[in-house]
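Engineer: Single-letter residue listing:
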Amino acid sequence: MVRPFVCTALLCLLAACGPRGGTPSTATPGGPAPDVVRVAYSEPDAGPNDNRGLDVIVGLLSDERLVGLSRDGRPEPRLAERWDVSPDGLTWRFALRRGLTFQNGQPITSAEARAAIGIDPSTPANQTQPGLRDLVAVETPTPDEIVVRLKRPNAFLLEGLNLSPLTGSNESGAGPFRLDAQTPGKASLVRFDRYFRGRSAVAGVSIARYPSAREAWSSLMRGDADVLYEVTPEAFEFVKESPTTHIASYLRPYVIALTFNMAHPTLGQRAVRRALNLAIDRALVIDTVAGGRGVPAADPIWPNHWARDRAAPGFAFDPQAAQAALDQAGLRKKGGTGLSSRFSFTCLVQADPRFERLALLIQRQLLGIDVDMKLEAVPMSSFRTRVASGRYDAFLGEMAASSGLGFTYLWWHSTPPSMIRTGYAGADAALDRIRSARTDAGLRSAVHDLQRRLHEDPPAVFLYWAQMSRAVSRRFVVPAGDDVDIIRSVDRWTIGGSSGAVSP
Amino acid sequence: MKTIRARLAVLVATAAVAPLMAYGVVSLQLLRSATNVSVTGEAETAAEHAAGEIDQYLDRNIDLLTAVASDLQYANLTQAQQEQVLRNNVTAFPAYSELTLFEAGGAAVASSRLLAPSLVLGPDRPIKDRPRVAPIQIDAALLPSTEISLFLDHAGPPVAYLIGRLSLEELWRVVDRVRVGGRGHAVLVDENGRLIAHGDPAMRSSVARGDPLAWHPLIHPKPGATLAGVERYVTPDHVEMLGVSRPVGARGWRIIVEQRAIEAFGLSTRLERFLVMTVLTGLALTLFIAIVWGRSFVRPLDALMRGTRSLAEGRLQERVEIAGGDEFTELGRAFNSMADRLVTLQADAVRQERQATFGRIAAGLVHDLAHPIQNIGNNCRLMLQLYEDPQYRQDFRRMIDREFPAIRRLLEDLRNLARPIPLERFPVDVARLLQETAERINPIAAQAGLAIAVTPPSSALAIEGDLFALGRVLQNLLQNALQATPPNGRIWLATRAVEGRAVLEVGDTGCGIAPERLPHVFDDYVTTKRRGLGLGLAISRRIVEQLGGTIAVTSEVGKGSVFTLSFPAIPALRLVQAAPAGAEDPKKERALPPVATEPVSRADVSRA
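Chains as they are written, first to last, in the working numbering: chain G, 1 to 504; chain Y, 1 to 608.
Honestly, the hints are just simulated from the structure, not real lab data. Keep in mind it's a predicted model, so treat the numbers as computed, not measured. Where hints are given, some of them may not hold.
What the hints assert, rightly or not - Here are a few chain Y residues that face chain G, going by a calculated C-beta distance under 10 Å: (1) 84; (2) 173; (3) 176; (4) 204; (5) 392.
What the hints assert, rightly or not - SDA-like cross-link-like pairs, simulated, lysine to any residue; straight-line CA separation at most 25 Å: (6) G:374 with Y:95; (7) G:333 with Y:80; (8) G:334 with Y:117; (9) Y:559 with Y:499; (10) G:240 with Y:169; (11) G:333 with Y:88; (12) G:151 with G:92; (13) G:151 with G:428; (14) G:186 with G:169; (15) G:333 with G:428; (16) Y:559 with Y:515; (17) G:333 with Y:71; (18) Y:128 with Y:95; (19) G:374 with Y:117; (20) G:333 with G:344; (21) G:334 with G:367; (22) G:151 with G:425; (23) G:151 with G:84; (24) Y:222 with Y:239; (25) G:374 with Y:94; (26) G:240 with Y:53; (27) G:333 with Y:84; (28) G:374 with Y:516; (29) G:334 with G:270; (30) G:374 with Y:515; (31) Y:128 with Y:105; (32) G:334 with Y:80; (33) G:240 with G:489; (34) G:334 with Y:88; (35) G:374 with Y:73; (36) G:374 with Y:81.
Here a beta-carbon is modelled for each residue, glycine too, at the ideal position from N, C-alpha and C.
Turn these sequences into a full structure, and let the hints steer you where they fit.
Structural biologist: See the structure below:
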C-alpha cells in the first residue's frame, strides 16, 4: 500500500490524480461471484506499470483514517472515536476505538496511528500537507490515545489526518476491503470482516483498467463490469437510460482552473486577471465540456464548505467589461483588424483529450476580447515539472480541493513547498487566518475574507467544479443519498433489487 | 309443439342472433383493419420522420464541413491560422471531435487536435464536390463514428483534403427520440446491416458489441425474400414485434421502428375484447329474452294442448291456467268455458242416453213380455172354458213351455248385463261343442224350415273355456241366424285350426247387415230386430273376450253374414285327461244353456 504522503501527493497532482492513463488491459475474465463488485475504470495516459489510478481506487476501498471529513468540510470520527484540543490550540488528544485490528489481524494501537501521522514534520510528505507542517511531537501515552503537539495552531490538522490512512505491517490497511492481489491495471480486494463499521455484504471488489472511458463504459453495458468508475459526459445520458444500471452523481472536489503565473508581465497585473475572469462564460463552458453537469467556480473553496459565504460575489460573464478593463490597463488591440490581439500568452495543457476541448473553448472565449491564448500540450510529466518550477505563463488543469480548506492553503499560499509555483501572495494573510482559526466563527470570518480577497485579486480563472458520475449495476442496492461518492460506501451496498440512489 | 319452438328459434336466430353476430364479425374485421392501418401508419410516420432527421443530421454535418472547407479555401491561410480555424470549428460544433487537413500525399498539415491527429487519409478519397462518408466505424470503445472527407482544391498547396471525425452519438439521440407508443423504439443500421443505434436502452450493449442482428427480418431477410417495409416477427426473446423499415436517404442505411405487437395492438385487443364481450352479452341477452318470451308463448300453448288432450281422453274436469292477461289468457278462458260446456253437454248426453236406454229397455220388456203374457193370459182364459179339452191342455202346455223360457232368457240377459256370471275355464272339445249346440237348435230350425249344418275340424281341436258360456254365445249367433235366414236358406257351424288358434264360424245366408251398422253390432242395446234388447251380441263379445278370444263379423246385405270366433287352441291331449273329470263335472248339466222351443217367427226378423 502506498504511503499516505505519497497518496496525498498523488491526489494533489493536477488532473492526473484521477484514475486515468495506462496501457490497454482487459476486464476481469470469467463471471465473478454475484456478491463481488467489478469496477471498470479508464486511465488513458498511464504507462504499462503505472498503477496510480488503481492505487487511488484501492485506497478508497482499503484505507481507513483516524478522522474523516464530511461533504461540508466538518471532521467526523473514524478510527478515532473522539478528540479534544487544548485552549491554546497546540495540543490535540485523540481516543482510538477499542478492539480494532488491521486487515492482517494486527491490533490498531496508537503506535500505528503515530506512524501514519508521521513523526517528523519536516518530511516532504508532511510538508505537502498544511495540516501536518506544524507538528512538534506525536505521543502515544496509552495504546488507545494519541497526543499531537503543534508549534502553532493549525486548523488543517484534522484534514491532514483525513489524508493519512493507517497501515499495519505489510502495508495492511484498516478499511472495509483488503487488497488480495494486484497486477498492473488490475486489483482484487476481499471483504474485511472486522471493519469498524461492520462486515460488508459485498464479498469483494475487483478492479480492472480500460484504455479509454468508452471501453470502460462498453464493459459495463456488456455486463462485464458492475461499476463504471467514471461516466463520461457524453455517455451520461445513455448510461442513465440503461435499465440495468443507475447513476449516482456527486460534485467532484476538484476545481478546474486557468492558473496564471504572476511572473508574467501582463498576467501579473491584478486588473488583467480580473478582466480575464470576466471574459469567460462559465455556464457555456460547463454546458459544452461537462454536458451541463458542473457548478461554476468563483474561487477554489469547496462550494459545500460550511464556512463559505454563499453570497460572496463571483465573476459574471461580461466581455465588454473585460475589454474595458483591459483598455484601462493599457492593453489595447494592436494594429486594427485581423488576428492581432491585445496581448498573448501560452497556456500549458496536459495531453489529455478531456482538456483539449476545454482549452479550445477558453481560447476562443479569450479571443473574443482579443486576448491570444496559445496552447501548448505537454505530457503529464513535463506538465508537472513546469508547473512546479514556474516555467509557464498559465496552465489549465484540475486542482484537488477536497471538502476542506487545506488544499486551498497548499495551492494559494506563497510559502513553499507547493506543487505549483505561481508567485501569488495576495491571499497569504487570509489563508494564515484560516490556518490559525480556533473557533468556527473565526474560521468562517477568515474564509469570507479569503473569498473576498480571491475575488479582488484572483490568481486564476476558476472555471467550474465538475460533477462526477458513477454507474452501478442494479444488481446492487446502493444506499440513497445526494451528492456522495458511492465508491466510498461499497461496504454498505447490498445485493439484489433496485437502488434508491438516483442521478441528479 | 316442436314446430312452434323451432319456428321461434329460427325467428330469434334470423332476427337477432345472426345480425348481432354479423355485426360483431364485421366490426372486428373493421377494427383490426383500422388498427393495422393506424399502428402501421404511426410507425411509418415515425420511421420516415426519423429517417429524414437522420439524413438531415448527416447532411447538416456535411454542410458544416463544407463551410469549414470554404473558410480554408481562397484565404491563403498560414498553418497556424488553419489550425485555429479547425479548432474554432471543433469547439463550435461538438459533433466533430477532430478536423484535420491533409496533403495529397497523406501527411497531416493542420489539425484541431492539440496532440497528434488521429485521423488518417486512406485510399478511398473524395472527389471534387462529392463529400465522402466513410462506413460506420466501431471504434476501440466499440462505439460508432464516421469520417467525412472533402476535397479542397483552393486551400493552397499542399492542402488537398479535409477530414472530420463525426461522432454518431448525436445520432443516437435522434434515434432515442423516436418513440412509438409506450415502448416502441427505433433501430438504425448501416448498409451492411450493422447496428448503429438502438432506441431500446436495454439493447445499447448490442450496439457496443456491434451485434449484427442477423435474426432481424427487416435487416437480413430470409434467403429468397425481399426486404420488407412492414413485418411482424418474433425476437430471440420470443417477443412478437411489429416493425417498419425505411431507408435513410441514399446512404443505404435503414431505420426500423419497432414496437411490441402486444403494445401496438393493445388498444385494439382491448377494443376487440370489449366488442366480443358486448356481442356475447347481447347474444346472451337476446337468447335470454327469446327464451323467456318464447316460453311465454309456448307455455300457454302447452297448457292448451294438455287441456285439449285431456278433453280428448275424456278428462273433462281438466282446466288450463294461463296468466298474463293477454290473448292466450283469453284463449284459456274460452277453452275452460268450452270444457265447462262440454261437461254440461256430456251430462245431458248421458242423461239422454240413459233415458233412451231405459226407454228402449222398457219398450223391449213391454214388447217381449207382452206377447208371452198375452198368450199366457189368453190361454188361461180359454183354459177356464176348455179345461176339459185334452187337446187344449196339450196346446196350453206347449204354450207355457215356449213362453216362459223366452221370459226367462230375457231376464237372464238383463241379469248378465247387470252382473255377469263368473266364467270358468275347462278344456272344451270344439267339435263336440258345435255338435251339441246344433242338436239343440236343430228342432227349432226345423220349425223354420231350416237345418244347421256342422262341419267338424279335421282333427281334434280344443280350446279352454266355459262350456255353458260358449254354448250361450253359439245359441245367440244361431238364433240370430235362424231369425235372419228365410226357409230353404242355409245355416252352418264350422271350425278349423289356424296357426295355433281354433276358429269357429257361424254363418247364414240370411238378409245380412247394413254396412253402416256393422261396426256397432257388438255394442250394448244395438239390435237389428224389432224384438229384443240388443244385448245378445254385446254379451257374446264380452264372453268371447273374457275367454281370451275375438269375435268378428262379415256381412253383405242380401247374401248373409258370417261371425268368426277365434280362441287360442290347446293341445287335444288335455281333453282326454279332462274327459273323465268332465263327465262327472257337477256343472255339466249346465254345460249348455236351455234353448227356447218357440218357433222363430220370420215376421220378427228385421234387418235394417
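Engineer: Does each hint hold? Answer for all of them.
Structural biologist: Do the hints match the structure? See the list:
1. With a cut of 10 Å, the hint placing residue 84 (chain Y) at the interface with chain G holds, because the nearest CB-to-CB distance is about 8 Å.
2. The closest approach between the C-beta of residue 173 (chain Y) and any C-beta of chain G is roughly 8 Å, which is under the 10 Å cut-off, so the hint is satisfied.
3. The restraint placing residue 176 (chain Y) at the interface with chain G holds, with a minimum CB-CB distance near 7 Å, inside the 10 Å limit.
4. At a threshold of 10 Å, the smallest CB-CB gap from residue 204 (chain Y) to chain G is about 5 Å, leaving the interface hint in force.
5. Below 10 Å, beta-carbon pairs count as interface contacts, and residue 392 (chain Y) has none with chain G, the closest being about 145 Å; its hint is therefore violated.
6. The suggested pairing of residue 374 (chain G) with residue 95 (chain Y) holds, with an alpha-carbon distance near 24 Å, which does not exceed 25 Å.
7. A threshold of 25 Å between alpha carbons decides the hint, and for residue 333 (chain G) with residue 80 (chain Y) the separation of about 20 Å falls inside it, so the pair holds.
8. Annotation: proposed proximity of residue 334 (chain G) to residue 117 (chain Y) is violated, straight-line Cα distance about 32 Å (limit 25 Å).
9. Under the criterion of a C-alpha separation no larger than 25 Å, the hint pairing residue 559 (chain Y) with residue 499 (chain Y) is inconsistent with the structure, at around 29 Å.
10. Between residue 240 (chain G) and residue 169 (chain Y) the alpha-carbon distance is near 14 Å, which keeps this suggested pair within the 25 Å criterion.
11. Between residue 333 (chain G) and residue 88 (chain Y), the direct Cα distance comes to roughly 20 Å. Compliance with the 25 Å bound is thereby established for this hinted pair.
12. Annotation: proposed proximity of residue 151 (chain G) to residue 92 (chain G) holds, straight-line Cα distance about 12 Å (limit 25 Å).
13. The straight-line distance between the Cα atoms of residue 151 (chain G) and residue 428 (chain G) is roughly 19 Å, inside the 25 Å bound, and the hint therefore holds.
14. Restraint check: the Cα-Cα separation between residue 186 (chain G) and residue 169 (chain G) comes to about 23 Å, which is no more than 25 Å; the hinted pair holds.
15. Distance check on the hinted pair: residue 333 (chain G) and residue 428 (chain G) sit about 34 Å apart at the alpha-carbon level, beyond 25 Å; violated.
16. Distance restraint check for residue 559 (chain Y) and residue 515 (chain Y): the Cα-Cα separation of roughly 13 Å lies within the 25 Å cut-off, and the hinted pair is therefore satisfied.
17. Using a Cα cut-off of 25 Å, the hinted pair residue 333 (chain G) and residue 71 (chain Y) holds, with the two alpha carbons roughly 24 Å apart.
18. Simply put, residue 128 (chain Y) and residue 95 (chain Y) have alpha-carbon atoms about 24 Å apart, close enough for the 25 Å limit, and the pair holds.
19. At roughly 18 Å between alpha-carbon atoms, residue 374 (chain G) and residue 117 (chain Y) fall within 25 Å of each other, so this suggested pair holds.
20. Straight-line distance between C-alpha atoms of residue 333 (chain G) and residue 344 (chain G) comes to about 11 Å, which keeps the hinted pair within the 25 Å bound.
21. Between residue 334 (chain G) and residue 367 (chain G) the alpha-carbon distance is near 13 Å, which keeps this suggested pair within the 25 Å criterion.
22. Straight-line distance between C-alpha atoms of residue 151 (chain G) and residue 425 (chain G) comes to about 23 Å, which keeps the hinted pair within the 25 Å bound.
23. A hinted pair counts as satisfied when its Cα atoms are at most 25 Å apart, and residue 151 (chain G) with residue 84 (chain G) qualifies at roughly 17 Å.
24. Between residue 222 (chain Y) and residue 239 (chain Y) the CA atoms are separated by roughly 19 Å; this keeps the pair inside 25 Å, and the hint holds.
25. Proposed proximity of residue 374 (chain G) and residue 94 (chain Y) is supported: the alpha carbons are some 21 Å apart, at most 25 Å.
26. Distance hint between residue 240 (chain G) and residue 53 (chain Y) is fulfilled; the C-alpha atoms sit about 24 Å from each other, no more than 25 Å.
27. A threshold of 25 Å between alpha carbons decides the hint, and for residue 333 (chain G) with residue 84 (chain Y) the separation of about 19 Å falls inside it, so the pair holds.
28. With a CA separation close to 145 Å, the supplied pair residue 374 (chain G) and residue 516 (chain Y) exceeds the 25 Å bound.
29. Between residue 334 (chain G) and residue 270 (chain G) the CA atoms are separated by roughly 21 Å; this keeps the pair inside 25 Å, and the hint holds.
30. As the CA atoms of residue 374 (chain G) and residue 515 (chain Y) are separated by approximately 147 Å, the hinted pair breaks the 25 Å bound.
31. Between the alpha carbons of residue 128 (chain Y) and residue 105 (chain Y) the distance comes to roughly 17 Å, so the proposed pair stays at or under 25 Å and holds.
32. For the hint linking residue 334 (chain G) to residue 80 (chain Y), the alpha-carbon distance of about 19 Å falls within 25 Å, and the restraint holds.
33. The suggested pairing of residue 240 (chain G) with residue 489 (chain G) holds, with an alpha-carbon distance near 20 Å, which does not exceed 25 Å.
34. Proximity of residue 334 (chain G) to residue 88 (chain Y) is assessed by CA-CA distance (about 22 Å); at most 25 Å being required, the pair is judged to hold.
35. Our distance criterion of 25 Å between C-alpha atoms is met by residue 374 (chain G) and residue 73 (chain Y), whose separation comes to about 24 Å.
36. As the CA atoms of residue 374 (chain G) and residue 81 (chain Y) are separated by approximately 12 Å, the hinted pair is consistent with the 25 Å bound.
When the structure is compared with the earlier hints, violations turn up for hints 5, 8, 9, 15, 28, 30 and for no others.
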